[in-house]
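Engineer: Here the sequence shown is numbered in the UniProt record's numbering, starting from 1 and rising by one per residue.
Certain hints may be false.
[Claimed, not checked] Estimated spans, in silico, between C-beta atoms of each pair:
#1 A63 / R10: 37 to 45 Å
#2 Q96 / G58: 20 to 28 Å
#3 I178 / D83: 25 to 33 Å
#4 A59 / Q125: 40 to 48 Å
#5 Q96 / C2: 25 to 33 Å
#6 V3 / G72: 36 to 44 Å
#7 D116 / D76: 21 to 29 Å
#8 I115 / I54: 16 to 24 Å
Everything labelled a hint here was simulated from the structure, so no lab data went into it.
C-beta atoms are modelled at their ideal positions from N, C-alpha and C, and glycine is treated no differently.
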Amino acid sequence: LCVSAAERIRQAGLPCPEVSIGSTPTALSAQGLAGVTEVRAGVYVFFDLVMHNIGVCGADELALSVLTTVIGHQQDKGWVIVDAGWMAMSRDRGTQRQRQDFGYGQVCTETGEWIDGARVTGANQEHGIITLATGDSTDITGRFPIGSRLRILPNHACATGAQFPDYHACDAEGAVHIWSRLHGW
Numbered sequence: 001l002c003v004s005a006a007e008r009i010r011q012a013g014l015p016c017p018e019v020s021i022g023s024t025p026t027a028l029s030a031q032g033l034a035g036v037t038e039v040r041a042g043v044y045v046f047f048d049l050v051m052h053n054i055g056v057c058g059a060d061e062l063a064l065s066v067l068t069t070v071i072g073h074q075q076d077k078g079w080v081i082v083d084a085g086w087m088a089m090s091r092d093r094g095t096q097r098q099r100q101d102f103g104y105g106q107v108c109t110e111t112g113e114w115i116d117g118a119r120v121t122g123a124n125q126e127h128g129i130i131t132l133a134t135g136d137s138t139d140i141t142g143r144f145p146i147g148s149r150l151r152i153l154p155n156h157a158c159a160t161g162a163q164f165p166d167y168h169a170c171d172a173e174g175a176v177h178i179w180s181r182l183h184g185w
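Turn these sequences into a full structure, and let the hints steer you where they fit.
Structural biologist: Here is the structure:
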């Protein structure tokens with residue numbers, strides 16, 4: 001439609017040098033991009049849980065996560081407390097009305113394997129609260145000892161990624177590269 005509109009504008013004798021389309025689903029579902037000069041694909045480079053929920057990407061394609069450390073427990077509530085709150089994760093609940101609600105983020109092991117049923121269900125400024133959907137909180141201190149590290153996959157990569165000045169990118173060989181990002185929108 002955008003290319004068609006640009007052609008009509010040009011036929012009317014007006015310049016239309018740029019044809020810009022947006023959204024990650026648009027970028028991935030386009031049959032062809034002839035006539036398009038710019039694709040603003042949003043979370044395309046990282047993907048996130050919202051995109052995963054609508055079938056745009058697989059779980060193994062989620063490239064952005066927040067590394068966090070377990071700093072405490074509230075055994076009576078079944079809570080694992082981590083040092084990543086909304087200042088690190090955002091409070092975006094983009095999956096709330098989708099087929100699967102991931103709370104404030106999906107909890108993974110430090111190496112990135114999903115921990116089934118573990119979600120960030122609360123987000124204070126500096127602290128996140130992880131609970132287990134199974135209700136099995138009998139050994140949270142043994143399963144998630146203080147000092148252990150976890151990864152949180154975000155609902156919305158933009159809101160989470162914007163919280164950090166740099167990204168620590170891991171390549172296939174395990175080397176870590178620091179990518180500074182541009183600030184502002």
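Engineer: Each of the hints needs a verdict: does it hold here or not?
Structural biologist: Each hint tested on the structure:
1. A63 / R10: 37 to 45 Å: holds (38 Å)
2. Q96 / G58: 20 to 28 Å: Taking Cβ atoms as reference, Q96 and G58 lie about 21 Å apart, which means the hint holds.
3. I178 / D83: 25 to 33 Å: violated (20 Å)
4. A59 / Q125: 40 to 48 Å: For Q125 against A59, whose Cβ atoms are near 29 Å apart, the range 40 to 48 Å is violated.
5. Q96 / C2: 25 to 33 Å: Cβ of Q96 to Cβ of C2: about 31 Å, so the range 25 to 33 Å holds.
6. V3 / G72: 36 to 44 Å: Hint violated: Cβ distance 55 Å, outside 36 to 44 Å.
7. D116 / D76: 21 to 29 Å: Holds - the Cβ-Cβ distance for D116 and D76, about 23 Å, lies within 21 to 29 Å.
8. I115 / I54: 16 to 24 Å: holds (23 Å)
Consistency with the previously given hints fails for numbers 3, 4, 6, ordered from lowest to highest.
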